Every structure is written in C-alpha cells, then in structure tokens.
Amino acid sequence: MVEKGKTPMLDELERGPWPSFVREIKRAGRKKEAPNDLLKQLELSYKDKVTHWKHGGVVGVRGYGGGVIGRYSDSPEEFPNIAAFHTFRVNQPSGWFYTTKALRQICDIWERFGSGLTNFHGSTGDLILLGAPSENIQPCFDALTEEAGFDLGGSASVLRTPSACVGPARCEYACIDTLDLCNDITHTFQDYIHRPHWGYKFKIKISGCPNDCVAAIARADLPIVGTWRGALRIDQDAVREYVNNGFDIENEVVRQCPTEALEWDANLKELRLRAEECVRCMHCINMMPKALRPGVEKGATILIGGKAPLVKGARLGWVLIPFMKLEPPYTELKDLLERIWDWWDEHAMTRERVAELIERLGMAKFLKAIGIEPCPEMVWQPRTNAFIF
Amino acid sequence: MATDIGPPDFRAMLPEVIKKNYGKWKYHEILRPGVLKHVSEDGDILYTIRVGSPRLLAIDTVRDICDIADKFCNGHLRFTSRHNIEFMVTDESKVEPLIQEIRNKLGFPVGGTGRCISNIVHTQGWIHCHTPATDASGVVKAIMDELYEYFVEEKLPAKLRISEACCGNMCGAIHCSDIGIVGMHTRPPSRIDDENFLTWCEIPTTLASCPTAAIRRHTTEDGKKTVRIIEERCMYCGNCYTVCAAMPIAHPEGDGVAIFVGGKVSNAKTPPKFPRLASPWIPNNPPRWPEVVSAVKNIVEVYAKHARKGERLGDWIDRVGWPTFFRLTGIPFTEKHIDDFTGALATYRTSTHLKL
Ligand code: SF4
Ligand code: SF4
Ligand code: SF4
Ligand code: SF4
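Residue numbers (our numbering), protein chains in the order written: chain A, 1 to 389; chain B, 1 to 356.
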C-alpha cells in the first residue's frame, strides 16, 4: 500500500463518477509492491510533467522476436519494484469473447508472475498484462501457453495482431464472418506475427460492414470491410411499422441517402430503392435495422495503406479490390497478402509502411507487381494533368 | 515449450445463444443507453449491457467481473474495441438485477451506445510508455468525469467518439475520431546524449528517421561522433527518438496536447475522413487538465446545440463550414491552422463560396 497523502495528485483522480484507474492501481497494490511503485513514479510524472520510463529495452521469450515490450524505470533506486516492468501483448480471442474460466486462468498466472495490472484491451487489440520483472518473462509465457492456451500477439516490425468486430456473433449487419477470418489468418500467419520478417509493421483489421467498428480503414495496412453486391433487402411491412410509429422516413432516411437512391411513396406506403445508385453507406440500414438489411451476395471490399500520421502523414486505406468473396479457407486473400508482402519487403526502406512505399513508387507499379487490374472504383477521379507518359 | 499455438478459438468462448444464432441475427434495438436487444431469425433474444471501464484493471476487478458473468451470464462475456465490458443475458428479467450488481460490485457506468459518447480509446501515457507528450489515463478520467452525463444518457445528435493518444505514433485510431486528443512535443530533441550516442544509436538510421532532414552529423571536440538538430527545420515529431534513445524529446513545459475534430471511420452517409485541427496546443496541467477538459466540453456542447439529429460532428462542420465552427466555438483561428505539410495545397480554398 502507498501511504496516505504520498500521491496527492493521483488521489484526486480517485474522485468523480467515471471509473478510476488510480483505484485499480491501488487495488493491485494491496497484493503486490510493483503497483505501489508504479503509482509513486506516476505521481512523480504528474509533478515533473514527463515520463519516467526509459527508452525501450529488448526483452523476449525463446523463439519469438516480439510480443513483450521491454520497459525500465529511469529511477530504479527510487522505484525498485518497477525497475524492470515489462509488458505482454496476449493475443485476444477473435471479437474479444471470453469465458470466465479463461479470464480467471490469466488472472491467476498474472498474479504469480506479474504486477496484477492489465489492460482490457490495448489499442492494438491485444490483452495487455502490464508489468513483470525480466526473470518472470519466460515462465509467465510458458504458463500462458501451456496452462491457459493463450499466445502472444505482435510487436515491432511484424504482422501485428489482427482484430475484428463482433460480426456474425452478434451483429445483423455482418457481411463476412469477421471472427472466423480473423482467427484463421492469425493462425495461418503465426510465424509472421511472432518473428520479424520485414522492415516494418503490417496491420490487418476486419470490419463486417461499412460502419467499420474497428476503424480498419484508418489504421490497417490491409483494411477488410464487409459489403454486399446487388440490392439491399427491404421488408416493406416493417418499413410501414416504423412510419406508423411516427418515424420521419422522408427526413431521416430518404433525404440523407448520399446518392438519392431511395424514395418514399407516401400513397402506396412503399420504400423504393434504385439499387444501382446505392453506394452501401449503411445509413438507411442503421436507421431502420428492423426493416432494411444488406443484400444476400456478401463479401468484402479490400483496401490498402491505412496508417497513423508518423511520419509522412496519416493515410486512410485506398480501395484495392472492390468486392471479394471471403469464404474459408480464404485462399484468394492469403495469396494476395503474400504478393503484397513480397513486393513491400523487396522495395521498402526500413520503417516504411506499405502506403508510403506505394506513394514513393506509384500505385500503378504496385498494382502491376501484385497482378491487380486497375478499375475506376480505385480512385475518386482520374488524373487532372497531362503528364501521362 | 509450446510456441505458435495462436489465440484460443473464439468459438470456445461464445455463449450458447450466440453459438445457436451465429450469423442469424435479424435486428437490434437500443432499449436505453447501454442496453441492447438483439433478435434472431428464430426469435431468440439477447440483451447486452455495455459497461464503461477505465481500461486499466486490477486482476481482482477482472475477477469481480467474472463473478458477475458467472452469476448472470453462464460464465461468458466480451469486451468492445473501445474498452467497454459487455454482459449478455437471454432473460429479460435478469437485466435489472444485473445492472444493480454492476453498480454495486464494480461501480462502473452502463451506457455508451447510440447517441452517447462512447468510452475514450486511449494509450499508455506516463503509465507505461517512453515517448509520451502527455498522460493518457489521467486526461481520459478528467474528461469522462466532466462528460459523464453524455455516456449514460443519449443527449447528442449522433454518436461521438473521442480518442486520446499521447504522441504522434497514435497507437489506436485516434486520427479518425470525432474528437482526437494528441500529445504534442513543441521543443526539438536538443539534449543529445553524446556520451552514449554510438552505443545506443546508428547515425545513418537516425538521419533517415527525420522527415524534414533536420538532423546532421556532428563530431564533438573530443572526437565523439554524434548528431545535432537544425532547430528551425524540426517539427517535433519525435520520430528520431523512436529510433535513437540518445535524443529525448520530452519537455515539461513544451509538451502538451492538440485537439482535432470532425473525423470518422464509418461510411454512413459521408465517407470516412480525418479530423482537422481545432486547438494547436494546450499545456499539460495534471492531475485534471482543466484547459483540455473545458476545450473538449465546449466543442461537445456547441455540437450538441447546433447539429441536426443524426449528424456526426464532422458532417455538421462540413455542412455549416469551418468559419462557422470557429465562430460558434470561439476557438481562435491562427496561422497554425493553415496546413504546411504534405497535402497542404488541397486544403486552400479555391472558390468564392463564402458566408460573408
Ligand atoms: S462493423 Fe458492421 S458488422 Fe461489424 S459490428 Fe460494426 S456494424 Fe456490425
Ligand atoms: S445504404 Fe446508403 S447509399 Fe444505399 S440506399 Fe441506404 S442510404 Fe442510400
Ligand atoms: S501514442 Fe505514443 S506515447 Fe502513447 S503509448 Fe503510443 S507510442 Fe507511447
Ligand atoms: S523530432 Fe522529428 S523533425 Fe525533429 S529532428 Fe526528430 S525526427 Fe526530425
């Protein structure tokens, strides 16, 4: 326990209606010393307004090139219990579903080897076990794999832990089996997740529909976004029920459709769709989930190149394949990934994401190298300049 | 020693009702903030209770969460991509007692669905990272304390997603949130550790890491090979520190946060888009970051007051225009808001469509 009054700034953050991370650190500090030193070091950061963690530090488990983030305090004499405070990225089950049995096993292992602090989840999607001393890394990993059946996720220049939205497990909008696909590619590419094969990281995120709940387009090198071909499905009786209950279909749906694909016939009480105009934005379906559903021919749009700003600016993923059917064993997708990785690995400089490489060498070269034909769906508009040849 | 076993199969983690109705869900309703009802083709019903969490959890709290799931949910639960916990039950009569149990045992709020503010996706900050320009958990706690009502009640025109990242690496998708809070360094990494430079860093890699070619080779008087910064070229991105530990960039007075607004990832109505700069720099003022909290609150309140029903923050701004956004929020527009990075030219207005 940290004595009362030793961490006044953090104590302040125990107050207020939102759940307090300080309370969590203190709770873990009743059983272990590391959380108490963490709290004291954090208080020092609040005072100094800088971090007190040293830069990096390579730690790991036998046979793996990632999955554990090395972390050392810059004031080990003052905070001996967090002198080394390394973190595990534990690969989450697809969709972040757990049994309490599995969670309790992880808790018990973490009580034995670590600080007792966790993140559910890290922004990578992994379950994070926060803070263990160096000598516990290997035994903790052994326990995680052998006792609990969990494995590590990716860190550094590897295929990062893929993640997926809840998909068909609980979402009627899902156009692909996000969970199965995520689980399948995670298992297929274990080697790429655990050992660095390339000059930088590569991320795959899977959303079941264009609502993109896992932000695939913004942060995955290969965003996969479920969609459908043909007309979305309309249950006219259910539409009428919405309208009869006072729902303003004209203003909230018809006029909000970005391509004017919808029309409400107030006399016949019928919603009409010009299917060829629909761009599958999901708006009408989101507004009337009881009445509207994606079409029956389902698949995904495959994009390329989403990333955060460092270094040359953030990129949203660009459309690569407008529509791909995605059914086990997902051979077409896996072949595509291997072709992309080959090209990227051959040409990229260190720490160059695939989007940056495409910008440097040109989209045309990229498409040619991976054997994809250009199509107008790939661009907002064709080029404006005449420097064609 | 087992390696490469991969994650456990998710199928082993699913509740029975989900196994039975996998891919067969028909529609859903939001019964009230934080309570979802999913109905399947076969007429099976699933209630989901969404619970906000601080993301950082002690294992004893995880065990409490498990106790609740054992008592009410046959030992199953899930988490969302935004750090929420979801308890699922099939029996409507269990919903109320479950919420009571969550309140009593965890003290965590139920909400974050539909037109609520969802949980703030965030990063490690001073708790566990070496490059942050601000903390994450503390900023998030301070903001959510202030915006709590928007998590537990549906009071906004549309969903609002706030994210926080403590440096430009932006672990997580903060660069496509309605409101993105980003740690900012504003001083160059000028305290270079010449003693350790060659032990910790490679000169060519370090030079190559800089997007503005602001790093040059340097030899100290006693002949040590190291580097120096051409300060007027530095944009404080911190990328050099990521590859070279001898170039710390954090600075107690120079570090702070910027606020970006109007991004989204969903394709609904309008395409996904990046957020744009609202506030270039607000100082770190722990433990409650009052200036950041009031800046975020102001944006939320202006949006809540002026946007149309169903309109995301960025869609509202695109409709009314950025001059209107700056006028209504009272945020000063400065030269810092005018882009000078890759892609800047595309942001300069080339039309006389102006509200004058
Ligand atoms: S991305 Fe689409 S399918 Fe996946 S959870 Fe979100 S709304 Fe459902
Ligand atoms: S999905 Fe979007 S584009 Fe298609 S009809 Fe509905 S609102 Fe219009
Ligand atoms: S955003 Fe930056 S400082 Fe924060 S956890 Fe990620 S790398 Fe570390
Ligand atoms: S902070 Fe960024 S711009 Fe400044 S020297 Fe380092 S890499 Fe270059």
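In short, the hints are calculated from the structure, not lab data.
Hints may contain errors.
Claimed, not checked - Okay, derived cross-link-like pairs now, DSSO-like style, lysine-lysine, Cα gap no bigger than 27 Å in a straight line:
hint, chain 1, residue 1, chain 2, residue 2
1, B, Lys20, A, Lys54
2, B, Lys71, A, Lys31
3, B, Lys19, B, Lys155
4, B, Lys224, A, Lys290
5, B, Lys19, B, Lys37
6, B, Lys309, B, Lys24
7, B, Lys37, B, Lys224
8, A, Lys325, B, Lys20
9, B, Lys20, B, Lys37
10, A, Lys47, B, Lys71
Claimed, not checked - Ranges of calculated distance between the beta carbons of each label pair, as one might list FRET restraints:
hint, chain 1, residue 1, chain 2, residue 2, range
11, B, Lys224, A, Glu78, 27 to 35 Å
12, B, Leu198, A, Ala156, 34 to 42 Å
13, A, Glu338, B, Glu92, 42 to 50 Å
14, B, Lys224, A, Gly57, 21 to 29 Å
15, A, Glu250, B, Glu253, 51 to 59 Å
16, B, Pro290, A, Asp191, 35 to 43 Å
17, B, Tyr348, A, Arg255, 45 to 53 Å
18, A, Arg112, B, Arg308, 50 to 58 Å
19, B, Arg11, A, Asp237, 29 to 37 Å
20, B, Tyr348, A, Gly57, 42 to 50 Å
Here the structure is a predicted model, which is why all the values come from computation and not from measurement.
Glycine is no exception: its CB is placed at the ideal position from the N, C-alpha and C atoms.
Right, here's what the structure says about each hint:
1. B/Lys20 <-> A/Lys54: The hint is violated at about 49 Å.
2. B/Lys71 <-> A/Lys31: This hinted pair holds, its Cα atoms lying about 25 Å apart.
3. B/Lys19 <-> B/Lys155: Measuring from Cα to Cα gives roughly 35 Å; hence the hint is violated.
4. B/Lys224 <-> A/Lys290: 71 Å, violated
5. B/Lys19 <-> B/Lys37: Holds. Lysine 19 of chain B to lysine 37 of chain B sits at ~17 Å (cutoff 27 Å).
6. B/Lys309 <-> B/Lys24: Roughly 31 Å separates the two Cα atoms, so the pair is violated.
7. B/Lys37 <-> B/Lys224: 67 Å, violated
8. A/Lys325 <-> B/Lys20: 24 Å, holds
9. B/Lys20 <-> B/Lys37: 16 Å, holds
10. A/Lys47 <-> B/Lys71: 43 Å, violated
11. B/Lys224 <-> A/Glu78: 27 to 35 Å: Since lysine 224 of chain B and glutamate 78 of chain A have Cβ atoms about 30 Å apart, the given range 27 to 35 Å holds.
12. B/Leu198 <-> A/Ala156: 34 to 42 Å: 22 Å, violated
13. A/Glu338 <-> B/Glu92: 42 to 50 Å: 49 Å, holds
14. B/Lys224 <-> A/Gly57: 21 to 29 Å: With a Cβ separation near 23 Å, lysine 224 of chain B and glycine 57 of chain A satisfy 21 to 29 Å, so the hint holds.
15. A/Glu250 <-> B/Glu253: 51 to 59 Å: 55 Å, holds
16. B/Pro290 <-> A/Asp191: 35 to 43 Å: 49 Å Cβ-Cβ, so the 35 to 43 Å window is violated.
17. B/Tyr348 <-> A/Arg255: 45 to 53 Å: With a Cβ separation near 31 Å, tyrosine 348 of chain B and arginine 255 of chain A fall outside 45 to 53 Å, so the hint is violated.
18. A/Arg112 <-> B/Arg308: 50 to 58 Å: Given range 50 to 58 Å: holds, Cβ gap about 55 Å.
19. B/Arg11 <-> A/Asp237: 29 to 37 Å: Hint holds: Cβ distance 35 Å, inside 29 to 37 Å.
20. B/Tyr348 <-> A/Gly57: 42 to 50 Å: Hint holds: Cβ distance 45 Å, inside 42 to 50 Å.
Going through the hint list in order, the structure does not satisfy hints 1, 3, 4, 6, 7, 10, 12, 16, 17.
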